[in-house]
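Trainee: As a plain string of letters, each chain reads:
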Amino acid sequence: MENNVAKIQDKDGNSWLYSEKVREHFFHPKNMLLNSENFDLSDYFEGRVGSPACGDEMVIWIKIENNKIADCKWQTFGCGSAIASTSVLSEMLLENNGMTVEEALKITPQDITERLGGLPARKIHCSVLGDQALQLAIKNWKKQALI
Amino acid sequence: MFGKSKDNLEVYLDHAATTYVADEVIKAMEPFLADSFGNPGGLYKIGREANGVLNDARKKIADILHAMSDNIIFTSGGTESDNLAIFGVARKHIKHGKHIITTKIEHHAVLHCMKKLESEGFEITYLEPDSQGFISPKKVREAIRPDTILISIMMANNEIGTVEPIADIGREILKYRKSNNTEYPFFHTDACQTAGVLELDVEKLHVDLLTFNGSKIYGPKGIGLLYKRRGVNIEPIIYGGHQEFGLRAGTENIPGIVGLAKALELAQEKRQDENMRLVDLRNYFWQEIQTKIKKVELNGPDLLSNEYTRLPNNLNVTFLDIEGEALLLYLDAKGIYCSTGSACTSLSLDPSHVLAACGKPHETIHGSLRFSLGKRTTKADIDYVMEYLPGIVEKLREISPVNTRR
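Order-wise, the sequence lines are chains F and B. In this text, residue positions in the first sequence follow this note's numbering: the first is 5, and each later residue adds one. In this text, residue positions in the second sequence follow this note's numbering: the first is 296, and each later residue adds one.
This is chain B alone, in the form it adopts within the complex:
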């Protein structure tokens, strides 16, 4: 019964992990692989051409962010950008202070940097979210100390889709700086989950540093950037050349950079219509799950038709009394791909730190699945999932010794 899928349908519902590359993006990148392959540092014609392409891409992205071209530092991806922002500020401003504020629900690309800095003598405050994952601007303000040099808070959470009030937090930080007549603390946000979803105006967000990458917005993998406000000084973490204003050494990844610019442009152009489509589809999915499967719980913010408190493509659900990896493997056998917060699929064997920080008990976390929809997801895909999901849940509950009363 649960053998290999007969019709070979594949339904990819893990867009928060990574996305396929859009056709337009592939097309835009293609000339820069074998033909216009020059090093932008070269003085000869194909070098100068590559340099022109680099500047154009930088300008295009800067315009979308309402930033200046020299604010954009290209990196190898979201993880490197987070590392550059955090270690870059920490190492440059260590004389001013060794206190950093972040949250318990950040991506490991941020949290593991913080752990490393703790081992180097920094003090890190980890703010607690509420039960839906929201960080309160007031709590951020209260955590600031005279020796706080950096605040790093994600724009939206990758597991439960909570969109943080970054602009409000940014305003609180500005107020603090003004009334204390200081340039500290700097404010960084990881926008990897939102670059294709929300407006990315750094002026409205009041951020000093902002991370995002190509691989979550239908762009290529291996490319990302850090926006850095003028006047915010950071220390590089990679040495070996003068590229990227001396802040990130290494020959520029021109095909990647062109692809990133194109992907951002496309995503931002279409985001409002696409967000509405995804919200409807996601809400339909949850409606179907609730109708056809008993004992399910929604993790993360309420599903409103408003797209600004939860990522429009995110659905995180706990199926009580069963375990996420088992569910995931049965779904995989049907060609349905999603992820789980269960400990069983993490290298550390720890259950999701995000759901734990939201106060969820371990058994709830172990039974959680994250579905993240995307560009190619259709209602037919959701209906295909719903053909199998209720039966799979039923089968696993039949052999489960756990029966949570509700």
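With the rest of the complex left out, here is chain F:
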């Protein structure tokens, strides 16, 4: 596994190999919102970043209860690492009965990348947008909470 990580993050980032963890989240993504299921999002707060013209667009919806992430849904238009990184972020947010809002705000692209067992170097900048989407969603929640 260590070797594998080294390979996918070689010095000049020229490798395209994805780690097993990326493949797992890409082929079996978790917590995504399916367009066909008409899920009720009325208790959720949305954060949307990117655009299809840029190559990646991500939306995260979070439900917050007692200052904790009680639920999280997402959608992604993008490549393998974009889909995997959003999926793994949703997993991080929901484990141990949900992360606190403060902890969630501290998540960085590096945290997501590490959790994925690394990403090809040049993929990190463009495909790991989930933390930004999450911050926007929390911002929207805070706005609402003030009212």
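By construction, these hints were calculated from the structure, which means they are not laboratory data. Errors might be hidden in some of the hints.
Some chain F residues close to chain B (C-beta under 7 Å, calculated; not the full set) [unchecked claim]:
| # | residue |
| --- | --- |
| 1 | V63 |
| 2 | T112 |
| 3 | A125 |
Once the Cα atoms are required to be at most 30 Å apart in a straight line, the calculated DSSO-like pairs of lysine-lysine come out as [to be verified]:
| # | chain 1 | residue 1 | chain 2 | residue 2 |
| --- | --- | --- | --- | --- |
| 4 | F | K34 | B | K499 |
| 5 | B | K587 | F | K34 |
| 6 | F | K34 | B | K690 |
| 7 | B | K322 | B | K390 |
| 8 | B | K470 | B | K433 |
| 9 | B | K433 | B | K499 |
| 10 | F | K77 | B | K433 |
| 11 | F | K67 | B | K587 |
| 12 | F | K72 | F | K110 |
Remember, predicted model here, so these are calculated numbers, not experimental data. Backbone N, C-alpha and C fix where the C-beta goes; we use that ideal spot for every residue, glycine too.
Given chain F's structure and the hints, the job is docking chain B onto it.
Mentor: Just chain B, lined up with the frame of chain F:
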């Protein structure tokens, strides 16, 4: 559901990237690896034999191109041939002018040479194609200036399959030369995608320089050639020996050269029947996609039964609202291999320059897949792809926040 393919079927639909080597070609090359291994420069028997083999291969290829043997310069591949044509003319004829005409949809083997020449003070005109990738001969004619030394336009585009009107462009250039009483500009075409598909008669095409290679016509990798009309002088780019008429140093790759000659001969022999077969198969594939998948767009020229405006094996399709690399990886997991114009698979993270030049918006480019069929592709392969492709597209659209209205 989307784990590893159960039956281990593999469907290779990336023949425009490279091809497997035909059995007949392997057979033809074999004696020249360990047995008849001589250096054609040697005066002893096995050297002379190698030289004979080299001359025969050169003659065979020259005949197919309607050229003379001394017009054929063997190189290490398409990229080197393009470099030799472009830098060769630019460096030899710099005193006459520093203007070159090319197109926005050339392969990087041409475009990156042009970028380098720009940094050396050359001025490059990049012609725009129409929305299907066609370059107008009239526009080429209008771009020619007294200081234009070279025009380089591909014979067919590797991404969208557009077959350019090279003979018409060649005629326009000839007319210009005649009425201005000049030998300039020279005309180069990169024929890597067409060497196994179209007639390669350099007289009918009116080209001065023509590139192609082995690895796209079921020949070996690492071998290519540049056709150079007699009287067109170029400067070498590789030094170190007198080989290839002093224009390309280095011991000749005899197995490769023999393989290239055999591959070209086979491809040209069978091309008409094979083209018809591929057109039918490709059109069936597109019909299936349109019937079974919503929101798809064809990129490149219309699919006619006529094989001369689009490469018969090329299908370039955009699946709206989803991204090409994700599609490609799901297909890969089913043993289906193709390529995409999405930025995510290019080293530069730029989306396809070809689709962009055709005026396609970025979101369309990101969702594009190129399928290029070949010798071994059968209807059963297409049916296998169609077993999975609609479901994969559906799955990715289910989790996509994008919903383009049409």
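Trainee: So, for every hint listed, does it hold in this structure?
Mentor: Consistency of the hints with the structure:
1. V63: holds (4 Å)
2. T112: T112 (chain F) check fails; min Cβ-Cβ to chain B is 21 Å, beyond 7 Å.
3. A125: Violated, because the Cβ-Cβ distance from A125 (chain F) to chain B comes to roughly 11 Å (cut-off 7 Å).
4. F:K34 with B:K499: violated (60 Å)
5. B:K587 with F:K34: holds (27 Å)
6. F:K34 with B:K690: holds (13 Å)
7. B:K322 with B:K390: violated (48 Å)
8. B:K470 with B:K433: holds (12 Å)
9. B:K433 with B:K499: holds (19 Å)
10. F:K77 with B:K433: violated (55 Å)
11. F:K67 with B:K587: violated (37 Å)
12. F:K72 with F:K110: Measuring from Cα to Cα gives roughly 14 Å; hence the hint holds.
Taken one by one, the earlier hints fail for this structure at numbers 2, 3, 4, 7, 10 and 11, listed in ascending order.
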